[in-house]
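These protein sequence lines map, in sequence, to chains P and H.
Residue numbering for the first sequence follows numbering that gives the first Met the number 0, beginning at 0 and increasing consecutively.
Residue numbering for the second sequence follows numbering that gives the first Met the number 0, beginning at 0 and increasing consecutively.
Think of the hints as simulated: they come from the structure by calculation, not from any bench.
Quantities reported herein were computed from a predicted structural model and do not represent experimental measurements.
Warning: the hint list may mix true and false statements.
Straight line, CA to CA, 20 Å or less: simulated EDC-like cross-link-like pairs of lysine to aspartate or glutamate [as the list claims (entries may be wrong)]:
id: 1; chain 1: H; residue 1: Lys72; chain 2: H; residue 2: Asp347
id: 2; chain 1: H; residue 1: Lys119; chain 2: P; residue 2: Asp293
id: 3; chain 1: H; residue 1: Lys139; chain 2: P; residue 2: Asp434
id: 4; chain 1: H; residue 1: Lys311; chain 2: H; residue 2: Asp58
id: 5; chain 1: H; residue 1: Lys75; chain 2: H; residue 2: Asp347
id: 6; chain 1: H; residue 1: Lys119; chain 2: P; residue 2: Asp134
id: 7; chain 1: H; residue 1: Lys178; chain 2: H; residue 2: Asp221
id: 8; chain 1: H; residue 1: Lys71; chain 2: H; residue 2: Glu341
id: 9; chain 1: H; residue 1: Lys259; chain 2: H; residue 2: Asp286
id: 10; chain 1: H; residue 1: Lys357; chain 2: H; residue 2: Asp127
id: 11; chain 1: H; residue 1: Lys308; chain 2: H; residue 2: Asp45
id: 12; chain 1: H; residue 1: Lys194; chain 2: H; residue 2: Glu341
id: 13; chain 1: H; residue 1: Lys71; chain 2: H; residue 2: Asp286
id: 14; chain 1: H; residue 1: Lys285; chain 2: H; residue 2: Asp335
id: 15; chain 1: H; residue 1: Lys211; chain 2: P; residue 2: Asp134
id: 16; chain 1: H; residue 1: Lys213; chain 2: P; residue 2: Glu284
id: 17; chain 1: H; residue 1: Lys200; chain 2: H; residue 2: Asp307
id: 18; chain 1: H; residue 1: Lys178; chain 2: P; residue 2: Asp293
Calculated from the model, a selection of chain H residues having no Cβ within reach of chain P, i.e. all distances over 12 Å [unchecked claim]:
id: 19; residue: Gln83
id: 20; residue: Lys178
id: 21; residue: Pro330
id: 22; residue: Glu341
id: 23; residue: Ser344
id: 24; residue: Ala354
Quick reminder that beta carbons are idealized off the backbone N, C-alpha and C, glycines included.
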Amino acid sequence: MTESRQPRHAAEPDPAETPATPAETPATPATPGNETPATQTQDAADAELQAADAATATSLDTAGGAMRPSAVPVSGQSGTVPGGPDSLMRKIFTGSGMVSVLAVLLALILGGLLIASTDKAVSTSAGYLFARPSDFFSAVWSAATRSYVALFQGAVFNPRGSGAAGQFAPLMETLTIATPLITAGLGVALAFRAGLFNIGAQGQIIMSGILAAWVGFALHLPVGLHLLLVLVAGVVGGALWAGLVGFLKARTGAHEVILTIMFNYIALYFLRYLLNTPAFQRPGETNPISPILDPNAVYPQILGSQYRLHLGFLLAIAATVFVWWVLNRSTIGFEFRAVGANPKAALTAGINVPRATILVMAIAGALAGMSGVAQVAGTEKVLTDGVAATYGFDAITVALLGRSTPWGTFAAGLLFGAFRAGAVQMQIQTGTPIDIVLVVQSLIVLFIAAPPLVRAVFGLNPRKKKATTSKKAATTGAAA
Amino acid sequence: MKNSLRATFKRGSMAGVATAGAAALLLTGCGAAPTASSSASATASDYTGCIVSDSGGFDDQSFNQSSYEGLKKAEKDLGIKVNQVESKTNNDFEPNLRAMVTAGCDLTVTVGFLLGDATKAQATANPDKHFAIIDFGYDKPIANVKPIIYDTAQAAFLAGYLAAGTTKTGTVATFGGIKIPTVTIFMDGYADGVKYYNEKKGKNVKVLGWDKAKQDGSFTGDFEKQDKGKQFTQNFLDQGADIVMPVAGPVGKGAGAALKEAKAAGKDVKLIWVDSDGFLTAPDYKDIMLSSVMKQMGEAVETVVKEDKDGKFTNAPYVGTLANDGVQLAPFHDLDSQVPAELKSELDQIKKDIADGKLKVESAASPKA
């Protein structure tokens, strides 16, 4: 694992190199805070930057008034203080992939038990548990597996479908539902890598949905141009809404969590207000539902009209590649990560922190905006006050599960899409309440936030890991 | 050291992957079991009635719940098969409806205007299947969709007249959850009932919370936050109102709580419930429950299912009115003694006049039938 870090280290842009090397040794005491063993997957630069931070932080103190005044109130920033709340958040967001997989598994097991506990056959057989325990256990097993098989059939492959097209229809449905989750999740993940906890995807989806839908139903333009304009309107809407948060944060130091939560409310009530105005209602009706978007303004269905899968999914793949490129291959992405690791150090290193804050929020908003477009131009084709569903909040979970990496988020989005698509089938086939999927999702978050719990459940000894972590830190220093 | 560490990680992740793989195998391995049970139900030739909720779910204490209960009652009374699916988001409408058609439903009931487009799409694609939609009518009727709509203003008119005739302070109030036609129609009727009382009796009872001419008033913003209902009601009480009609589903309980507090403090206050008979469905507020404006959705659903089962399906809208008892003013129950006999007979007369068409109750939100 340590070897794999070296080439990436070499590939990093220059700025970090010079301050990083002399700082390696003093950095060692700071790293034990990073106890999760597989944080190595988190790229090398972060460790480098933390090392650099330690060095620059000391030089800051001695520098006296020589440093130029910070445009960002330093106290308002989420610097990585070892052991501080932000470093905990960081650990939760960038925990190991294995913990993610195990968390999903554990959540599914508990969900299965929950399904079983509400099953009639189970409660009946529990009545004579001691007389004939085999009945009880087979009832538990069949209740849980029946539901999960239905979930699988609704999410991936349905053997009873008519022909290959019908059999793979559930998979297409999964991809369709995953589309807005992926793009909004990418927005949350990207902002997090810059140290910003963006809870505003919900509001950003709503604002982009409003703009995209309005362009879609109020204007009447030729094929191609209309859809392009819908997409641009949605993406710009989301970018502006989130960029405003970035601006307020950069200029006033207001905390982005508070700002994004409040902006979610503003967006929702603005949407409800608009839906009560004739401009956003269907002619002759007073229900809060917009006219249907022009046929030219909606995403084409890429695999034919029998599936809901639309062009937005391909754009979501493109967005994932884009975010990967920004984070790992571009200067601005390096700046984002530097600011995320330690804004003070980034400022000293000559990075324009306010600019990076605004920019990363704007890009995050643009990504969430793509979700808004996927909703109004992809699946729903109208604007209602449920346009964002709960995708903005699910996106946080998706980013969490994907450890804030682009492809991790992509995979997590697919998983959650599968859950949502499968839940419908599960409900219809077995009568299992759709809420069970929400419970499983919530359990996943719970377990990801508590890696020691997951490790303990699966018998992975945490004490051993802790010891090896500091050894690892030592070897890192030696290797450098 | 480094190598042993890596080995530990590898072992750990391998174990995880192996477990996940095993789970996946188990899931796919058992695929046959549910197939057998569900195909068994598909081969049964019995009539199947189905229902798709909107995002409120079947426990919304409002139209989803009433419609669902109606279908459940039909299951028991008519011996039909029932299939139901809840929508969590608007995105679920289309897959849910499609799943219902696939599941072989003869009649699918969809709840609420939000499902209007999805129902239309499925109905057009499956002309041999029947659909019914609650609280929504189409401009252009669709051959296999029966709208179930309510002229709620008629019953709310009675409630307004009752409130105006019972108030001690000369001020009554109402508020809504979200400003949508199915809510404002209650408020229109209520305001008109008070106005009619004032005209007839030469009184000046005031209505707080709704201005029919401007079509604007007090709304809590959703159908969930009960504390807002409480806050609104306290404001109305402070302004002198003594009877409140919340048109906000569960938020009405907040109004009930505020009124109970006022009653405990010695004020003579009353509550008018909506949708169902609150005396039965919200028994906590029995002692202040004057009456309820009822929409008999369960009965309507059962009737439509029965008609369809008997092969008498039509796409003509079912419009609930005072004449067909689709909308009603609930009995006064415990507060019966507080309603003067004269007022009762006047209400009976008004009900008769409305049912006969002698008295017109109009609302912008009334169904265009």
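Check: Of the hints given before, which are not true for this structure?
Finding: Hints 1, 3, 4, 5, 6, 8, 10, 13, 15, 17, 18, 19 and 20 contradicted; others consistent.
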